[in-house]
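Participant: Below are the chains, spelled out letter by letter.
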Amino acid sequence: MAKTFQKPESLTDRYMHYCPGCTHGVIHRLVAEAIDELGIRKRTVGIAPVGCAVMVYDYIACDFQEAAHGRAPAMATGIKRVRPDLIVFTYQGDGDLASIGMGEIVHAANRGEKFTTIFVNNAIYGMTGGQMAPTTMPGQKTTTSPMGRNVDEVGMPIRIAELLSSLVTPGYITRQTVIRPKYILKAKEAIKRAFAYQVEGKCFSLVEVVSTCPTNWGMTPVEAVDWAEKTMLPYYRLGDFKTPE
Amino acid sequence: MGKVLMKGNEAIAEAAVRAGCLNYFAYPITPQSEIAEYLSRRLPEVGGVFLQGESEVAVGYMIFGASGCGQRVFTSTSSPGFSLMSEAVSYITGAECPAVFVNIVRGGPGLGGILPSQADYFQAVKGGGHGDYHLLVMAPDGVQEAVEMMMMAFPLAEKYRNPVLILGDGLIGQMMEPVEFPENLRSEPTNKDDWASNGMATRNSDTPNLVKSLFLDPRALNDHNLKLKAKYERMMREDLRYEAYNADTDYQALIVSFGTMSRVCRTAIDALKRQGIEVGMIRPQTLFPFPEKAIHEAAIRPSCKVVLSIELNMGQMLEDVQRAVLGERPVHWHGNAGGDIPSPEDIMDLVKSFL
Ligand SMILES: Cc1ncc(C[n+]2csc(CCOP(=O)(O)OP(=O)(O)O)c2C)c(N)n1
Ligand code: SF4
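Top line first, the protein sequences correspond to chains L and E.
Residue numbering for the first sequence follows this note's numbering, beginning at 1462 and increasing consecutively.
Residue numbering for the second sequence follows this note's numbering, beginning at 2 and increasing consecutively.
One or more of the hints may lead you astray.
These stretches of chain E come out as covered by chain L in the derived footprint (C-beta under 8 Å, 3 or more residues) [stated by the list, open to error]:
#, stretch
1, 47 to 61
2, 87 to 98
3, 187 to 200
4, 210 to 220
Derived CB-CB ranges, DEER-like [what the hints assert, rightly or not]:
#, chain 1, residue 1, chain 2, residue 2, range
5, L, R1698, E, M237, 56 to 64 Å
6, L, G1616, E, D347, 52 to 60 Å
7, L, G1573, E, N192, 27 to 35 Å
To give a feel for the contact side, a few chain L residues facing chain E, derived at Cβ under 10 Å [to be verified]:
#, residue
8, I1508
9, V1515
10, R1532
11, P1534
12, L1547
13, S1560
Calculated directly from the structure, the hints in this document are not laboratory data.
Ideal placement from N, C-alpha and C gives every residue a C-beta, glycine not left out.
Start from the sequences, fold in the hints, and give me the full structure.
Facilitator: The following block contains the structure:
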């Protein structure tokens, strides 16, 4: 009997260390499927972030380099410039990309570096225990905003997809989510398309993925999905913000 | 090939190309921007990669990425820029990647000034970034030696899988001297298939390579640091370089000096000799590993009464010289950290004041 569903070749057999209800695992799987379907695993180099996904190299079975916090786009630039034939992707959280690494991602996108970024927006710093991120929602309580994010003091959450799509250099910039099965197929298509643009040597590509962190949001996985849908999705609008065509 | 007259910065740039390094990332800063300007023209001619990054922070990681995927790569900067690169330098040593950094030092702290300085000695030899690490640090005393050290730096970085730092100063970067690019210092990049993340297909392998510096297990991290330590000890055994000058005489004073400052000391030593005063000099060519044994042996020569650490800073190498002399002789510092280089007459007067 033919198998209709199986583990992607690009996913290892390791047990993932992520919390129950965390979306990192789902996103890893989609990246692995895209790599499989494009047949690029053996020429792919991933850049791991500093954040909960620091050990993504244990789960996705291709070459990896481990970046310092926020610096993955500069490392990807270094690799892609000296080995344009390799397929390079960064996998970054919102503290990593939208706070400490904002300079690196903006300039890499603006130079039109031909790599792919998977940007996991879970509105919080997961790994360090739930501090406020630039993407934390107004009023959202975190360990460093115990009264809720006060936008008069720290401004509104940064919308990375919108910000990067304002750059004039061509690129593929999209925002997706994986919080319910109905969104996952579209997210998968977007991730695959982002890698495909790179394979064609076309442009920089970034997929922002609206995600959950039930542990640090202080919610059950089900509550987290409801909260993300009700609170994050109206502010973080889904869809393509920029295409190279 | 014969000698050509070149400015230090341009000679350093050309030496890298001759050494087989065709990848360069940098951010402009005085007094070494000519390296980037030269390579922005030169590298496209030879099919190389030139990229001006958005900051020295980013450039440090461009170097890390390029080196981690197995390519020869280098950057150049000056003091404030090297401070920003120091984060990446720590990660690169932790992940054991070869790379070459050039710091054409200017005065500090802060913006300091743009004149010649050796104020980054501590930063170069004692770390700069976080963690237990060392760079192999070479300090040329002129344009020709800068060329040779630059060409040696790439195979050395690959031998140790550790960054090599060339520590120069504005005078070496800016002065014109006749130089030669020695054919015998050309080298081929080593094969890096056993560790570099150069793509499984590149090395025809089914196992991914991982370039990382994270070791959460305390035993693994300690083992990793022991392995790095062994590397630094091997540098001391195999790649220590220094010059002993006028050191076979019965000198009354011993000078320890490096780089531009050592050239002035050499002139002073020659002039003192004509006056009948013998002074010896140990000139470290590698600042790490440091020639501590040579300095110790030179200091305890019976005729030697005093040891002088002469440097373009407020007395940094002094600490290593004291450590080498181990209290056997008095050790004094002399120097300037503003950008004015002491003259041979200054050094002659200084020596005489101790005799
Ligand atoms: C230079 C530096 N500063 C701070 C840290 C501590 N740190 C580790 S992960 C992290 C935030 C991670 O949050 P995010 O990027 O949102 O990823 P997540 O864990 O939520 O997936 C911080 C601040 C660090 N490792 N390095
Ligand atoms: S802390 Fe949050 S982001 Fe990290 S694994 Fe747990 S749920 Fe996921």
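Participant: State for each hint whether it applies.
Facilitator: Now for the hints, and whether the structure bears them out:
1. 47 to 61: holds (count 9)
2. 87 to 98: n = 4 at 8 Å, threshold three: holds.
3. 187 to 200: Coverage by chain L holds here, the residue count being 3 at a Cβ distance below 8 Å.
4. 210 to 220: It holds: at least three residues are needed, and the stretch 210 to 220 of chain E offers 6 whose Cβ sits within less than 8 Å of chain L.
5. R1698(L) to M237(E): 56 to 64 Å: The hinted range 56 to 64 Å holds for R1698(L) and M237(E), with Cβ atoms some 60 Å apart.
6. G1616(L) to D347(E): 52 to 60 Å: 56 Å, holds
7. G1573(L) to N192(E): 27 to 35 Å: Cβ of G1573(L) to Cβ of N192(E): about 32 Å, so the range 27 to 35 Å holds.
8. I1508: The hint holds - I1508(L) has a Cβ within 10 Å of chain E, the shortest such distance being about 8 Å.
9. V1515: 7 Å, holds
10. R1532: 4 Å, holds
11. P1534: 8 Å, holds
12. L1547: Since chain E brings a Cβ to about 5 Å from L1547(L), closer than 10 Å, the hint holds.
13. S1560: 14 Å, violated
In this structure, the one hint that does not hold is number 13.
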